[in-house]
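**Q** The chain contents come next:
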Amino acid sequence: MNANRNDKEWAARLEAGREDDPLLELAAQLKRAGEETQATPTVAFQRQLRRDLLNQYQQPAARPWHRLGRWAASAVAVVVLAAAVGLTWFSISSSGRPSFGGAALTEPATNPPGGAASVYRLLDDSITGVITETATTIDPDGQTVTKLLTPGVNVEVTTHWSLPPDAGPVSAFVHLLDSEGHVVAQADGPVEAAEDAANPLPVSTLALTLPTDLSAGTYELIGGLYVPTTGTRLTVNTDDGQFTAIPLGQYEVPEPAAPGQLNEAVLATLIAQRHDILHAQLLDSQQDALLVHDVSPTAGTTLGSAAPLEFAITVDYALRSAPAGILEVQIVEMQSGEAGRVVGLATVDNLVQGTGTVTAVVVVNPATALSGPADLGLWLQLRTDAASPPLLIEMPESFGWRYEP
Amino acid sequence: MTLADEATLIEQARADPAAFGILYDRYVGRIYAYALRQTADVAAAEDITATTFEKALRHIRRFRRPEAGLAPWLYRIAHNEIIQRARRERFTVAWGEEDLPESGPRHSGDGRPPEATLLAQERRHDLLAALRRLNDADQDVLTLRLLEGLPAADVAVVLGCSRDNVYVRLHRALGRLRQQLEQLAATEAKPS
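Chains as they are written, first to last, in the numbering used here: chain F, 1 to 405; chain A, 1001 to 1192.
Just so you know, the hints here were simulated from the structure itself, not pulled from any lab data.
Listed next, the stretches of chain A that the computed footprint assigns to chain F, with coverage defined by at least 3 CB atoms under 8 Å from CB atoms of chain F:
1. 1022-1033
2. 1050-1056
Within a straight-line C-alpha distance of at most 20 Å, the following computed EDC-like cross-link-like pairs (lysine to aspartate or glutamate) qualify:
3. Lys147(F) <-> Asp178(F)
4. Lys1055(A) <-> Glu252(F)
5. Lys1055(A) <-> Asp52(F)
6. Lys8(F) <-> Asp1164(A)
This structure is a prediction, so every number in the text was calculated from the model and none was measured.
The C-beta atom is built at its ideal place from N, Cα and C for all residues, glycine as well.
Chain F with its partners taken away, still in its complex shape (with noise of 0.2 Å):
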């Protein structure tokens, strides 16, 4: 931990503008250097970007008109479907007089029979696993909703039904489907009597799991019911009239970031989900990385063991700036936060230049390492060999574990 201090110490010099050592010295040079051959751009180069920029914030600023459009052709079909509904409505309760012949818009001719019994209705659906951003925008609404979805992750889909008495086994699906109306995501399995007697409604709870592939565009979600024995989709009612798939809501998946900038929404999902592509996109990159793939025993729990404790860490590296390394894998006593005492230390040795993944046993006996209950932490360390400063440290702040004798 001396380094470490010595590291601190070093780079608070550094921030107080010291020179008293050659490295310091130099980087005050540098800073020099910086300031007296600091470039401008040509008067007219500044001028066109900026009339560049201002004319191409004038597109997004004209989209509420399309929006409007859109919100129009919406009213439009919300009138045409409460025509239809009324319509069916109107033959319903004329039964005895003459039909007018005309069929209901929708399908329900699909259901089961049982008249006015067979009614499906979603009641209410959520998602997790979603990414809502919340911009503020001068549309008549003020605010744009934007739903991102990541890539390689699983969302989960609950949805939840009003069934009729009479109603058989059901079973619910939700499809993502692309701009061209392709299912690039699907799922489906049995709508279930609640368990959550605080809400006793049947429901379904689906896990989509998006392709890794998925380009960035806009996606559209649709859900329903069908039979599963005959496969013959259901008429739901909703709020917004009939449908054999609903429309769940439009969701979008961003641009790629460029190697090695990964969209901040999306790396912050991917951690919480401990997704591999997390990985594989971070050792990916042109720089070298550690990254804890796995830890035994489970992060967060409390050990009690009298006895020598093994931690087993799997780590998946990039060795990029250098032909070989070695990785220290330190198990350290947390104090107030930070890393304090080495309880435990294992290396892996011949790491080669590239990627991989290791595994390093760490013992750590509590008899002669800890003095009563602890903190314990990870700290990881690539070098180049055991007497060079790291080529990288980490400190992989959600893989900790209590020491309660």
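Fit chain A to the known structure of chain F by using the hints.
**A** Only chain A this time, still in chain F's reference frame:
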């Protein structure tokens, strides 16, 4: 302008072109200077600057950390553009101070540089020449933190590493820069 002022401007810039214009005016020179340092090509620097601000404009509604200011984000976009351009065009950066555009007076009032100024220019020339001999990772951290003057926390955002790691990289890169300077001096001292 404080970071809080800038955060307010960023919020406004999501819908107000005038606010984006103020941010553009504030950063266009810095991003251009950074791009020019890295490419030594005025046309490339102008392209990278334009692309950086176009991307910033396109995505500012999704920019999530206005409280941290725009600088790290813009530098990060520019940094990635430079990397992508280098990959596409495989440009090699081999330039010295003489390749930099004029940037303020380098000479004393009589039009002739005094001796001290000449010495300083020579030293600066050597420094920049030595810097260009370093690997890309070393150049990146030294350029961003010392030549561009970005705070270490911002450099960490641009390079996608921790703040502590920025200092580790700086220390190592300065050590290697020193070695390069010594080699340069040894080469120059040899009789031709």
